[in-house]
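Mind docking chain L on chain W? Use the hints.
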Amino acid sequence: MRIAAPSLVSGTLFGAGLALGGMTDPARVRGFLDLFGDWDPTLAFVMGGAVIVMAIVWRVVPRMAAPLFEEQFHFPTRKDFDARLIGGAALFGIGWGIAGLCPGPGIAALVIAPQAAAIFVLAMLAGMAIVRLFEGESR
Amino acid sequence: MMLPGFPDAAPLAGVAGGVLIGLAAAVMLLGLGRIAGVSGLAAKTIGLGGSGIARSGAWMFVLGLPLGALVVSLLAGGTEPRFAGPLTLAVAGLLVGIGTRLGSGCTSGHGVCGVSRLSPRSLVATLTFMAAGIATVAIMNAMGLEVLS
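Quick note, the sequences are listed as chains W and L, same order.
Quick note on UniProt numbering: the first sequence kicks off at 1 and runs consecutively.
Quick note on UniProt numbering: the second sequence kicks off at 1 and runs consecutively.
Only chain W is shown next, with the shape it has when bound in the complex (with noise of 0.2 Å):
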């Protein structure tokens, strides 16, 4: 319950804001991205709000011991680049661009578009494993 009940809240408040800001429109997510077309700015408002609060929160961070329902917190702490992060991002851009969806609003949208979302989402799950498959260890 201790881990249930955050994790629920934050992916329910995560979900109405994808919908809110309009991330589960593929039209408006590609009108985003139609930066040399027909550009429509709204995303950048979405991630500008985001991006304003959750850089409040990460001066908060430093000042607490532990997080609240947790022993201690986990970060990232890799600080290189490499062919793998930028090739990796480079596809996802690709198939972002493609569908207009990325991984929140794709699994947001199973409730907007059921069929739709559901292919995406299967399609992007059978991709995740087919990296650990290449792999054969979890990162």
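What the hints contain is simulated information worked out from the structure, not anything from laboratory work.
Careful, some of the hints might be misleading.
Here are the simulated lysine to any residue pairs, SDA-like style, with alpha carbons at most 25 Å apart [as the list claims (entries may be wrong)]: (1) W:Lys79 <-> L:Met2; (2) W:Lys79 <-> L:Leu123; (3) W:Lys79 <-> W:Val57.
Predicted, not measured: the structure shown is a model, and the values here were computed from it.
Just chain L now, kept in the frame of chain W:
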């Protein structure tokens, strides 16, 4: 409110949605000490590594996503968004799945949590996937490919 020059933009709904996403990430970080990265949490639900959170926590987060979207669509009512066809969705989903695992994150983990922390890896990843997305849409538009129906 309308944005001058961009009649279709929804800046207020955008900021409000963004603040909710930021609060969601704050609950995950301050409550459980973890990054709210959707691709990592989604991978974790099916046991593919990803987030270090307990698998049950990953499931609760992932189940919350459609739940939150449902609440908003019930309250706001709404338009019926257009989605790509099955084949296009499958190709896009595959690329998103492979890319987010190789690149260790997506729009939420890198774009929101990492950028707000000024993580160098997240800044590079975010610039890369934004550039790739912009180039992809530009090329598809130049080729006259209309995918949303």
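> Is the Cα-Cα distance between W:Lys79 and L:Met2 25 Å or less?
Replying inline: With Cα atoms ~40 Å apart, W:Lys79 and L:Met2 exceed 25 Å; violated.
> Are the Cα positions of W:Lys79 and W:Val57 separated by 25 Å at most?
Replying inline: OK: W:Lys79 and W:Val57 at ~21 Å, within 25 Å.
>> Tell me if the straight-line CA distance from W:Lys79 to L:Leu123 falls inside 25 Å.
In response: 11 Å, holds
Violation of the numbered hints given earlier is confined to hint 1; every other hint is satisfied by the structure.
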